[in-house]
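Participant: Sequence:
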Amino acid sequence: MSPVTAGVLQMLALIAALALAYRPLGDHMARVYSSEKHYRPEKWIYKVIGANPSAEMRWPAYLRAVLAFSAVSVLFLYLMQRMQGSLPGSLGFSSIDPDQAFNTAASFVANTNWQSYYGEQAMGHVVQTGGLAVQNFVSAAVGMAVAVALVRGFSRSRTGELGNFWSDLVRGTVRILLPISVIGAIVLVACGAIQNFAGIHEVGQFMGGTQQWNGGAVASQEVIKELGTNGGGYFNANSAHPFENPSPFSNLFEVFLILVIPFAMTRTFGRMVGNLRQGYAILATMGVIWIGFTALMMWTEFAHHGPAFEVSGGAMEGKETRYGIAASSIFSVATTLTSTGAVNSFHSSYTGLGGGIQLLGMQLGEIAPGGVGSGLYGMLIMAIIAVFIAGLMVGRTPEYLGKKISTREIKLAACYILITPALVLCFTAAAMALPTPGNSMTNSGAHGFSEILYAYTSGANNNGSAFAGLNADTQWFNSTIGIAMLLGRFLPMVFVLALAGSLAEQKPVPDTAGTLRTDKPLYAGLLVGTILIITGLTYFPALALGPLAEGLAS
136 MSPVTAGVLQ MLALIAALAL AYRPLGDHMA RVYSSEKHYR PEKWIYKVIG ANPSAEMRWP
196 AYLRAVLAFS AVSVLFLYLM QRMQGSLPGS LGFSSIDPDQ AFNTAASFVA NTNWQSYYGE
256 QAMGHVVQTG GLAVQNFVSA AVGMAVAVAL VRGFSRSRTG ELGNFWSDLV RGTVRILLPI
316 SVIGAIVLVA CGAIQNFAGI HEVGQFMGGT QQWNGGAVAS QEVIKELGTN GGGYFNANSA
376 HPFENPSPFS NLFEVFLILV IPFAMTRTFG RMVGNLRQGY AILATMGVIW IGFTALMMWT
436 EFAHHGPAFE VSGGAMEGKE TRYGIAASSI FSVATTLTST GAVNSFHSSY TGLGGGIQLL
496 GMQLGEIAPG GVGSGLYGML IMAIIAVFIA GLMVGRTPEY LGKKISTREI KLAACYILIT
556 PALVLCFTAA AMALPTPGNS MTNSGAHGFS EILYAYTSGA NNNGSAFAGL NADTQWFNST
616 IGIAMLLGRF LPMVFVLALA GSLAEQKPVP DTAGTLRTDK PLYAGLLVGT ILIITGLTYF
676 PALALGPLAE GLAS
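Going letter by letter, the sequence shown gives residues 136 to 689 in the working numbering.
If you're looking for bench data, these hints aren't it; they were derived computationally from the structure.
A couple of the hints might just be wrong.
Below are the DSS-like pairs computed for lysine-lysine, each with C-alpha atoms no more than 25 Å apart in a straight line [said to hold, decoys possible]:
#: 1; residue 1: K172; residue 2: K182
#: 2; residue 1: K539; residue 2: K642
#: 3; residue 1: K539; residue 2: K655
#: 4; residue 1: K642; residue 2: K546
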């Protein structure tokens with residue numbers, strides 16, 4: 136069997152698995168966020184935190200709860216790292232430096248999981264499990280809660296109430312993320328991933344000396360790292376490490392975990408707004424972009440010319456021989472089109488055009504299918520922009536799901552779209568203009584520029600994957616990427632929740648003969664075109680200086 140055929144079969148198996156999970160998981164999430172019942176463990180949590188889960192919140196209160204919870208989480212995780220040397224289970228590691236502790240705290244709370252450190256050489260068991268793994272759960276639940284609040288904005292009318300953040304946070308964690316993670320961890324342990332609290336131990340001779348490895352609760356952290364579209368690995372090699380990703384089956388299973396909730400949330404959306412066809416239209420848009428990017432990535436990596444590439448069957452540099460080009464390409468596209476950031480290969484080693492595909496996937500806003508929660512609300516923002524453009528074409532006031540898209544809604548959607556490119560391009564320009572940050576690049580020319588562009592694209596879009604080749608463990612990069620991660624996560628949420636509140640206050644508008652049908656293939660095609668054109672116009676000059684220049688020169 137040829138490697139290309141094997142890759143196609145893996146894609147078909149992955150699509151089949153996602154299709155089987157789509158309906159039951161999507162319906163389950165809709166029931167979770169629509170239920171008025173509170174389970175006993177949830178009531179205990181509400182009592183501890185002093186929250187009233189039945190109290191409805193308008194968008195300013197919902198936003199304050201999101202920001203307050205996230206601020207406390209950043210502080211808690213920062214202090215854990217700074218105190219690591221005094222904590223039990225530290226494996227003898229010292230406390231984390233202030234700039235790196237800030238960067239890591241911001242990273243995991245923002246659902247980015249950018250790591251400027253070697254996990255197995257810096258973090259002990261307590262910080263890994265009590266700090267980082269916990270944030271993998273709750274940061275994902277925050278994104279899901281904000282997405283559900285926006286969906287309620289479409290489904291409700293003549294009220295500004297969007298639900299209760301504390302209830303949405305707890306339910307998303309307890310009823311969705313935890314049960315799937317338990318089952319997923321068992322599967323990964325069965326595949327060979329490790330799960331223990333062993334210390335550092337020697338594993339034999341290595342180049343004349345001994346080699347040491349850490350144990351750890353790897354399988355349990357690995358599953359929520361992928362399921363919550365987080366991406367931070369227990370080991371520096373991330374999902375290329377055999378302790379995290381032991382086999383080709385576990386590799387495909389981890390890709391499934393990355394994609395299953397973001398895709399299934401489109402059915403949750405359709406169910407909650409009372410129109411499943413609307414969810415299918417969003418699903419089709421996401422699916423077309425994901426499959427198209429995966430096909431392009433495989434083509435660029437398999438078809439690259441040169442004697443070395445012809446002998447190996449494609450661009451194998453930086454890719455695990457256990458998985459090869461096809462599985463690495465599938466994994467790479469899945470992580471860069473979502474906010475996962477996990478890697479099973481070094482992205483810097485991809486072809487110039489392959490690196491451009493990775494960059495563009497993040498620059499789309501990670502909406503195909505995107506992060507847990509953030510993918511859905513990002514796609515709904517683009518859907519609003521698309522109906523606005525269609526309204527301009529035919530001279531009608533745009534409407535979406537029975538709500539008029541007026542000046543206020545468009546301003547909020549525009550602010551959402553502009554904030555991330557502004558962060559990426561301004562920080563990249565500053566890093567390239569100043570003399571010190573450029574010393575962190577290990578490559579010159581177009582590839583070196585791509586390293587800087589990739590770092591800020593990954594941070595501001597809350598992805599967390601690294602292009603490699605860039606020494607990001609400096610005060611400049613730890614501080615600026617940390618700021619980009621926080622602003623890139625929480626500023627868009629301000630506009631999403633404000634938009635949700637504005638929509639919820641409207642009264643529904645009945646469909647007429649002139650209403651644009653947003654559940655048809657024509658609209659899905661318009662939405663795909665809108666996404667690609669807006670992103671292309673925003674980022675094309677930067678992409679032309681980096682991956683496009685490198686790809687055309689090779």
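Participant: Taking 25 Å as the top limit, are the C-alpha atoms of K642 and K546 close enough?
Facilitator: holds (20 Å)
Participant: Below or equal to 25 Å on CA atoms is what counts here, so check K539 against K642.
Facilitator: holds (9 Å)
Participant: Are K539 and K655 close enough, with their CA atoms no more than 25 Å apart?
Facilitator: holds (19 Å)
Participant: Take the C-alpha atoms of K172 and K182, compute the straight-line distance between them, and say whether it is at most 25 Å.
Facilitator: Roughly 15 Å separates the two Cα atoms, so the pair holds.
Checked against the numbered hints given earlier, the structure satisfies every one of them.
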